[in-house]
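Visitor: Those protein sequences? They're chains A and B, same order as listed.
Just so you know, we're using my numbering here: the first sequence kicks off at 1 and counts up by one.
Just so you know, we're using my numbering here: the second sequence kicks off at 113 and counts up by one.
Possibly wrong hints are sitting among the right ones.
Computed cross-link-like contacts, DSSO-like style, restricted to lysine-lysine with a CA-CA straight-line distance of at most 27 Å [said to hold, decoys possible]: (1) A:104 / A:59; (2) A:58 / A:69; (3) B:142 / A:42; (4) A:42 / B:125; (5) A:104 / A:42; (6) A:104 / A:78.
Reference listing, derived: stretches of chain A covered by chain B, where coverage requires no fewer than 3 residues with Cβ under 8 Å from a Cβ of chain B [said to hold, decoys possible]: (7) 35-44; (8) 96-110.
Honestly, the hints are just simulated from the structure, not real lab data.
Backbone N, C-alpha and C define an ideal beta-carbon position, used for all residues, glycine too.
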Amino acid sequence: ILNVEQSPQSLHVQEGDSTNFTCSFPSSNFYALHWYRWETAKSPEALFVMTLNGDEKKKGRISATLNTKEGYSYLYIKGSQPEDSATYLCASWDSGNTPLVFGKGTRLSVIA
Amino acid sequence: DAGVTQSPTHLIKTRGQHVTLRCSPISGHKSVSWYQQVLGQGPQFIFQYYEKEERGRGNFPDRFSARQFPNYSSELNVNALLLGDSALYLCASSQGAGRTYEQYFGPGTRLTVT
Numbered sequence: 001i002l003n004v005e006q007s008p009q010s011l012h013v014q015e016g017d018s019t020n021f022t023c024s025f026p027s028s029n030f031y032a033l034h035w036y037r038w039e040t041a042k043s044p045e046a047l048f049v050m051t052l053n054g055d056e057k058k059k060g061r062i063s064a065t066l067n068t069k070e071g072y073s074y075l076y077i078k079g080s081q082p083e084d085s086a087t088y089l090c091a092s093w094d095s096g097n098t099p100l101v102f103g104k105g106t107r108l109s110v111i112a
Numbered sequence: 113d114a115g116v117t118q119s120p121t122h123l124i125k126t127r128g129q130h131v132t133l134r135c136s137p138i139s140g141h142k143s144v145s146w147y148q149q150v151l152g153q154g155p156q157f158i159f160q161y162y163e164k165e166e167r168g169r170g171n172f173p174d175r176f177s178a179r180q181f182p183n184y185s186s187e188l189n190v191n192a193l194l195l196g197d198s199a200l201y202l203c204a205s206s207q208g209a210g211r212t213y214e215q216y217f218g219p220g221t222r223l224t225v226t
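Work the whole structure out from these sequences, hints included.
Guide: Here's what the structure looks like:
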């Protein structure tokens, strides 16, 4: 069974700080890595879909990198704002019959 | 444009009962996936449907079933409810069934089994 790990489980940062967290996934048979942001009382929102080793994607102050050979992805938030407070989920899809598997998420709290 | 909609928002059922959850995808999206999310865990994949055909099934018992209609809306059915079925059930739609399509999630249905 595909196992996707996210760390840290939670973190608190001050407004203006930059932060990053990790998603680890099995590198064998890798196909795609998804990142989602899930704010309280809202629906999960797609951030990035990444497939290529070395890929880097950016959306505003949020960016992500992908290393498929070693099986990890980093999500970076530059200059955190209170509205960035959310749970950030990653999900990995391999090339076999295993369905999309989510990690447990990193819960980010940005303190004003 | 309307996003993914789910109904009902909340539901309370008794053990042994049956439940039907409904999902309407974004217009133009032909794939619908269902997920179960329990507190402290990430969403767990239940089913994916594309063009009314089942394209994937997660590790859930046969009490769970789903279908997709010609208008691409979908139903998730759970029979013989157990206390452990209490969870948030999320529906997500995407344009296609491929693994690189972004999924757009609905607000979820909160199911409580007593």
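Visitor: Could you tell me which of the hints above the structure violates, numbers in ascending order?
Guide: none
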